Amino acid sequence: MAAGAMRESGFGTLGGAGGALLEVRDLEKTFRRGARTVQAIDRFSLTVSEGEFVAIVGPSGCGKSTFLHILGGFEPHDGGTMLLNGAPVRGPGPDRGMLFQEFALYPWRSVIGNVAWALEVQGKPKAERIAIAERYLKLVGLSQFRDAYPAELSGGMKQRVALARVLAFEPRILLMDEPFGALDAQTRELMQEELNAIWQQTRNTVLFVTHDIDEAIYLADRVIVFTARPGRLKDEIRVKLERPRRIDVKKTAAYMGYRNRVWDSLREEVLKAREEFR
Amino acid sequence: MKAAAAPFSRGRRAALGLALPLAALAAWELSARYGTVPDYLIAPSRILAATWEMVLSGELWRHTADSLLRAIGGYAIGGAAGVAMGLLAGIARPVERFYDPIVSLTYPVPKIVVLPILIAWLGAGDASKIAVITAAVFYPTFINALYGAKGVNRLFVWSARNMGAAPLQVFAKVILPASLPQVLTGLRIGLALAFIVTVAAELQNSRSGLGYLIADAENSLRFDLMYAAIIAIGVIGFAGDRVLVALRRRALAGQTLGKEGAHG
Numbered sequence: 001m002a003a004g005a006m007r008e009s010g011f012g013t014l015g016g017a018g019g020a021l022l023e024v025r026d027l028e029k030t031f032r033r034g035a036r037t038v039q040a041i042d043r044f045s046l047t048v049s050e051g052e053f054v055a056i057v058g059p060s061g062c063g064k065s066t067f068l069h070i071l072g073g074f075e076p077h078d079g080g081t082m083l084l085n086g087a088p089v090r091g092p093g094p095d096r097g098m099l100f101q102e103f104a105l106y107p108w109r110s111v112i113g114n115v116a117w118a119l120e121v122q123g124k125p126k127a128e129r130i131a132i133a134e135r136y137l138k139l140v141g142l143s144q145f146r147d148a149y150p151a152e153l154s155g156g157m158k159q160r161v162a163l164a165r166v167l168a169f170e171p172r173i174l175l176m177d178e179p180f181g182a183l184d185a186q187t188r189e190l191m192q193e194e195l196n197a198i199w200q201q202t203r204n205t206v207l208f209v210t211h212d213i214d215e216a217i218y219l220a221d222r223v224i225v226f227t228a229r230p231g232r233l234k235d236e237i238r239v240k241l242e243r244p245r246r247i248d249v250k251k252t253a254a255y256m257g258y259r260n261r262v263w264d265s266l267r268e269e270v271l272k273a274r275e276e277f278r
Numbered sequence: 001m002k003a004a005a006a007p008f009s010r011g012r013r014a015a016l017g018l019a020l021p022l023a024a025l026a027a028w029e030l031s032a033r034y035g036t037v038p039d040y041l042i043a044p045s046r047i048l049a050a051t052w053e054m055v056l057s058g059e060l061w062r063h064t065a066d067s068l069l070r071a072i073g074g075y076a077i078g079g080a081a082g083v084a085m086g087l088l089a090g091i092a093r094p095v096e097r098f099y100d101p102i103v104s105l106t107y108p109v110p111k112i113v114v115l116p117i118l119i120a121w122l123g124a125g126d127a128s129k130i131a132v133i134t135a136a137v138f139y140p141t142f143i144n145a146l147y148g149a150k151g152v153n154r155l156f157v158w159s160a161r162n163m164g165a166a167p168l169q170v171f172a173k174v175i176l177p178a179s180l181p182q183v184l185t186g187l188r189i190g191l192a193l194a195f196i197v198t199v200a201a202e203l204q205n206s207r208s209g210l211g212y213l214i215a216d217a218e219n220s221l222r223f224d225l226m227y228a229a230i231i232a233i234g235v236i237g238f239a240g241d242r243v244l245v246a247l248r249r250r251a252l253a254g255q256t257l258g259k260e261g262a263h264g
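Residue numbers (this note's numbering), protein chains in the order written: chain R, 1 to 278; chain D, 1 to 264.
Derived by calculation from the structure, the hints in this document are not laboratory data. Here the structure is a predicted model, which means the values were calculated and not measured. A few of these clues could be false.
Said to hold, decoys possible - Only pairs whose alpha carbons sit at most 25 Å apart, straight line, appear in this in silico DSS-like list of lysine-lysine: (1) K240(R) - K251(R); (2) K126(R) - K138(R); (3) K124(R) - K173(D); (4) K173(D) - K126(R).
Unchecked claim - Covered, in the sense of this in silico footprint (three residues per stretch, anywhere, with C-beta under 8 Å from a C-beta of chain R), are these stretches of chain D: (5) 104 to 117; (6) 171 to 179.
The beta carbon of each residue, even a glycine, is placed where N, CA and C say it ideally should be.
All chains, full assembly: derive it from the sequences and hints.
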């Protein structure tokens, strides 16, 4: 996968190649609602290598987003360990860049202001943070919208700004929580292509949660299937489609093979999850 | 940003808003001159004349200045306390729990009823009036700041903490601007209340101010002077509100986009 080896583009500097960056062991999560307890995640383990793009799919309510929130340091967990680069994960921090479905852009800041703020927080001088912000805005193709406000942008553009913002502070790993879930189908398809092209340049380590099988296979090196609640590792599929991937890869037999494989695995769980609501 | 999408141009919209007051004024003027109406319905032209006279004599200015001093004094203290404590209660559950019972219990009580107690305590001068105005302004500013801070999108806070923002940075750069629209709404309601309570306090117990002017004019059956004072109150309240709206528009660049055409 030559992860981390292609840094000539000047984006991010993760260093190291192919080693385990993230190690999750036997993660447990239980929610308490009054007297009732609901187990959300059950002994889930996962290792992500430097530069790897891993997608997690699962039925809705299976705990895949909760898993990402725990990794982000926003929710406590009840058991197990999480190591990022060998150090335990504790609380939120800029070594993990979160991307949310609802963009979470600050409406009172312009596009450049949103991207640069992450750098301001980290104490970078003004000229430097503007320069970095402009570089990442260019990467996501929004240079000409630098002074616009989020309310003036379409959903796809908003998510590109959010992506630039999170890339700008150069996290060790990107945690994407259904980032295209709020977009219409066409925009979503275009954003997948765009993210793929950007990743080709930055080679970030990515953990990408989605319920869209096509998105997962098209983008990821590895697809993890979660079981219905409580979330457990159900299946793991390596996607050996050649990179860089163009969008027509979705028409190939190899792609369809992966798609059927993931869907067969997921289908059972989706049906189980549906049973729960009856 | 865009050409006005509204069916009316700015001028025509303003004219529409003025149509009813102008028609009412015309009807009033005509009936006062040619009809049979009670004494206290003086023709608008005579009210204007009386107002003008008081402007020239300086009497209106003196009372207006006294009222403004009280209103602005109480507004500043009550507004600052309300916003500060409201924001604090909005981010810290214990603070909210501390305030909740007392605020809920005393909120519906018209604050003017405690004026006699405050007079007994602080005397009949400006201090008791400013105190009652402070109390009246506190409630809407506190409650709006509280719900403004409580309603901040959780993801705004999460993404700031994700970037590594310290708690103070999260408060100053995320919670504060995110709750600003509602904080300003509270301050706007508070301003109107400040004027209302100022006049009410002056009507009850005062030797100066626009409220006193109204009471005094009523007692001496000088209804023209009474209306002059009422007009002055209306003009001040309107001007104060416009200033706040203009400030709001500037402060909320971006946040109000596409909502009230603030960028138009």
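Hint by hint, here is what the structure shows:
| no. | hint | verdict |
| --- | --- | --- |
| 1 | K240(R) - K251(R) | holds (15 Å) |
| 2 | K126(R) - K138(R) | holds (18 Å) |
| 3 | K124(R) - K173(D) | holds (16 Å) |
| 4 | K173(D) - K126(R) | holds (16 Å) |
| 5 | 104 to 117 | violated (count 0) |
| 6 | 171 to 179 | holds (count 4) |
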